[in-house]
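Colleague: For reference, the chains in residue letters:
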Amino acid sequence: MEIKEIKEGSPRQLLEQRRSSLSSGRGYAALLWGAALLFVVVLATIIEGIVSQSTQAFGHFGIGFLWSTAWNEATNSFGAGQFIVGTVTVTLIAMIIAVPVGLATAAFLTEMCPRRIATPLGIAIDLIAAVPSIVVGLWGLYVMQPIFLRDVEPFMKDIPVVSLLFKGNAEGPSYILAGFVLSIMIVPTMVALSRTALAGVGVLDREAAFALGATPWQVVRKVVVPGANSGILAASTLALGRAVGETIAITLLIGNTLILQHPFSLLNDGATLGSVIVLNFGESQPGTLLRSTLLALAVVLLVITLIVNIGGRFIVRKSTQFRLP
Amino acid sequence: MSTDVLEAPAPSGKDATYAARRQLIQGSARATLKRRRAIALAIRIIFGICMFLTLIPLAFLIGYVTKRGIGALSVAFFTHTPTPEGIPGGGISNAIVGSLIINGLALVIAMPIGLLVALFLIERRGPIANAIRFGADVLSGLPSILIGLFAYSVIVVHTHYSAYSASVALAVLMLPIMIRGNEEAMRTVPNELWEAGLALGARQSRVVRSVVVRGSIPGLVTANLLALARGVGETAPLLFTTIFTQQFSTSLNQPINAIPFVIYYDGTSAFKDLQQDAWGAAFVLMVGVLILSIIGRTFAARLTRKSR
Chain C
111 MEIKEIKEGS
121 PRQLLEQRRS
131 SLSSGRGYAA
141 LLWGAALLFV
151 VVLATIIEGI
161 VSQSTQAFGH
171 FGIGFLWSTA
181 WNEATNSFGA
191 GQFIVGTVTV
201 TLIAMIIAVP
211 VGLATAAFLT
221 EMCPRRIATP
231 LGIAIDLIAA
241 VPSIVVGLWG
251 LYVMQPIFLR
261 DVEPFMKDIP
271 VVSLLFKGNA
281 EGPSYILAGF
291 VLSIMIVPTM
301 VALSRTALAG
311 VGVLDREAAF
321 ALGATPWQVV
331 RKVVVPGANS
341 GILAASTLAL
351 GRAVGETIAI
361 TLLIGNTLIL
371 QHPFSLLNDG
381 ATLGSVIVLN
391 FGESQPGTLL
401 RSTLLALAVV
411 LLVITLIVNI
421 GGRFIVRKST
431 QFRLP
Chain E
19 MSTDVLEAPA
29 PSGKDATYAA
39 RRQLIQGSAR
49 ATLKRRRAIA
59 LAIRIIFGIC
69 MFLTLIPLAF
79 LIGYVTKRGI
89 GALSVAFFTH
99 TPTPEGIPGG
109 GISNAIVGSL
119 IINGLALVIA
129 MPIGLLVALF
139 LIERRGPIAN
149 AIRFGADVLS
159 GLPSILIGLF
169 AYSVIVVHTH
179 YSAYSASVAL
189 AVLMLPIMIR
199 GNEEAMRTVP
209 NELWEAGLAL
219 GARQSRVVRS
229 VVVRGSIPGL
239 VTANLLALAR
249 GVGETAPLLF
259 TTIFTQQFST
269 SLNQPINAIP
279 FVIYYDGTSA
289 FKDLQQDAWG
299 AAFVLMVGVL
309 ILSIIGRTFA
319 ARLTRKSR
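Read top to bottom, the protein sequences are chains C and E. My numbering numbers the first residue of the first sequence as 111 and each following residue consecutively. My numbering numbers the first residue of the second sequence as 19 and each following residue consecutively.
Just so you know, these hints were derived from the structure itself, not from any lab. Positions of the beta carbon are idealized from the N, C-alpha and C atoms, including for glycine. Hints are supplied without guarantee of correctness; some may be wrong.
[What the hints assert, rightly or not] Here are the computed distance ranges between Cβ atoms for each label pair:
(1) 93/E to 392/C: 57 to 67 Å
(2) 396/C to 85/E: 41 to 51 Å
(3) 395/C to 288/E: 40 to 50 Å
(4) 257/C to 286/E: 16 to 26 Å
[What the hints assert, rightly or not] Each computed DMTMM-like pair below joins lysine to aspartate or glutamate, with the alpha-carbon atoms no more than 25 Å apart:
(5) 332/C to 317/C
(6) 267/C to 158/C
(7) 52/E to 236/C
(8) 85/E to 291/E
(9) 85/E to 103/E
(10) 52/E to 393/C
(11) 332/C to 315/C
(12) 85/E to 261/C
(13) 277/C to 379/C
(14) 277/C to 261/C
(15) 267/C to 281/C
(16) 277/C to 263/C
(17) 85/E to 236/C
(18) 290/E to 281/C
(19) 290/E to 103/E
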């Protein structure tokens with residue numbers, strides 16, 4: 111703080127100065143309250159804006175909207191079922207790949223490799239997490255889709271049991287392709303968050319285990335992972351939240367068939383809650399049932415992400431060692 | 019790891035049972051050591067492979083975008099507006115300028131609010147501050163498509179597609195990142211400095227301005243740069259607020275093009291030269307975002323070094 115010379119002046123002048131500065135202090139407090147209020151208003155408007163436009167569709171279809179798989183613009187019959195199936199399928203594929211791989215990477219970086227290697231690799235993974243999803247989507251479309259068509263999908267069909275999920279013909283866009291590319295996008299998040307969780311376990315706990323003769327793997331399994339349990343769970347939940355909400359890359363990769371394909375197969379193309387909104391919103395007119403239906407799908411997405419995120423934050427709050435970056 | 023038997027005193031009476039137990043434990047530890055070490059090694063290898071599984075697709079991604087993208091770059095790419103497919107010499111100058119305008123305005127909108135809300139969180143304790151913090155966390159987890167819908171229903175539906183509505187959407191997207199980042203940064207200013215400022219007779223607002231904000235500038239820069247990096251790459255909010263156009267526009271009240279649009283629309287077109295533009299745009303966007311993140315992180319690193 112710079113030091114100002116004390117100004118000469120009559121007591122009256124000094125008092126005036128003091129008064130004006132006091133009122134500026136009040137102005138400052140008002141400014142803070144104003145900003146906080148504005149933020150709350152924005153939050154409320156987001157929810158209000160989406161929910162209010164969806165009431166028409168919910169009123170028209172009732173709760174059955176959630177499991178109906180209809181989609182016919184001519185007869186104005188719409189359902190959310192096929193998009194919930196699409197979102198859940200793609201997210202599950204991504205999580206099944208990303209959680210174990212991400213967790214193992216985090217464990218390797220924090221526990222099993224020298225810090226000299228771990229630090230730059232950690233930074234690299236953090237940076238890669240910043241690559242925009244549209245870029246990943248474009249890469250998935252041009253690079254991964256041909257690879258999946260040519261190699262991965264026929265290979266999956268040859269594995270017993272797994273092949274049950276891969277019936278039918280591969281045509282390019284598919285749940286499995288979208289889920290796989292999505293897993294690449296959320297692995298960095300998973301690694302970064304679970305690294306924070308694992309690093310939060312006390313050094314003394316580890317050293318105690320090592321002193322008892324435990325191998326590094328035993329330390330991870332018996333000390334670090336149990337100690338970071340809730341942090342790992344929170345990391346997975348937040349990665350899940352990202353996966354559910356990811357839209358653009360999936361829109362490029364999933365094929366956007368608005369009707370549920372039978373029989374169910376991971377090679378089918380489909381649509382997710384996000385992709386159907388993105389692709390149909392521009393064509394829908396305000397006030398129509400189609401527009402309201404798209405907003406109702408947004409409400410479904412909103413509710414899912416709210417549950418996942420609030421659940422994740424709740425877990426974080428319960429664990430004391432873990433602070434989110 | 020050593021499992022040598024310690025020099026034990028001669029066992030007698032009660033000690034004998036302890037010695038026996040110790041021997042038992044050490045014996046079984048020694049007997050299983052080979053197996054345990056083998057398992058530890060195997061796990062280490064498996065986890066190492068997992069690390070490569072994480073890195074390889076990402077490295078391929080960056081390598082491929084760079085390879086295809088650099089091939090698309092030319093002076094015209096940065097200075098010309100798009101030409102129809104088949105006509106060479108086009109560029110994406112309108113998208114680059116558009117992205118700069120949209121994100122610049124979003125930054126101007128979000129930065130002061132983000133700073134003030136963070137200050138609110140720093141100065142006020144209690145349920146209101148906690149609720150706002152929680153709200154910021156939840157907002158940062160909301161899908162960007164929902165934020166696009168918000169901007170649409172608040173602005174676009176009453177007016178028309180425009181650059182400033184896209185900026186509002188991106189500003190809302192950036193806000194929670196800024197709020198939490200700013201708060202974290204300002205929390206690193208030691209309490210003693212606050213107290214010293216207050217003890218000198220300065221008002222709270224004065225202390226905040228001269229001590230807290232000034233002392234945490236690197237952290238504030240980091241938070242804002244990371245928020246910007248997030249905003250620049252977003253596509254979904256733009257889809258509801260502005261339209262893909264070939265026109266060059268700098269008007270805030272008109273639809274404006276943006277780099278993610280070029281990737282999204284040209285990337286899915288059937289024409290090779292438009293696809294080429296999409297790769298160039300993807301490369302420019304990726305490099306831009308990485309540079310922002312790297313600068314941001316360097317600032318953060320400087321902050322931690324200074325506070326140590």
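Colleague: Give a verdict on every hint.
Modeller: Going through the hints against the structure:
{"no.": "1", "hint": "93/E to 392/C: 57 to 67 Å", "in the structure": "violated (34 Å)"}
{"no.": "2", "hint": "396/C to 85/E: 41 to 51 Å", "in the structure": "holds (44 Å)"}
{"no.": "3", "hint": "395/C to 288/E: 40 to 50 Å", "in the structure": "violated (29 Å)"}
{"no.": "4", "hint": "257/C to 286/E: 16 to 26 Å", "in the structure": "holds (19 Å)"}
{"no.": "5", "hint": "332/C to 317/C", "in the structure": "holds (13 Å)"}
{"no.": "6", "hint": "267/C to 158/C", "in the structure": "violated (46 Å)"}
{"no.": "7", "hint": "52/E to 236/C", "in the structure": "violated (37 Å)"}
{"no.": "8", "hint": "85/E to 291/E", "in the structure": "holds (16 Å)"}
{"no.": "9", "hint": "85/E to 103/E", "in the structure": "holds (22 Å)"}
{"no.": "10", "hint": "52/E to 393/C", "in the structure": "violated (67 Å)"}
{"no.": "11", "hint": "332/C to 315/C", "in the structure": "holds (10 Å)"}
{"no.": "12", "hint": "85/E to 261/C", "in the structure": "holds (23 Å)"}
{"no.": "13", "hint": "277/C to 379/C", "in the structure": "holds (12 Å)"}
{"no.": "14", "hint": "277/C to 261/C", "in the structure": "holds (16 Å)"}
{"no.": "15", "hint": "267/C to 281/C", "in the structure": "holds (14 Å)"}
{"no.": "16", "hint": "277/C to 263/C", "in the structure": "holds (10 Å)"}
{"no.": "17", "hint": "85/E to 236/C", "in the structure": "holds (22 Å)"}
{"no.": "18", "hint": "290/E to 281/C", "in the structure": "holds (22 Å)"}
{"no.": "19", "hint": "290/E to 103/E", "in the structure": "holds (8 Å)"}
Hint violations for this structure: numbers 1, 3, 6, 7, 10, all remaining hints satisfied.
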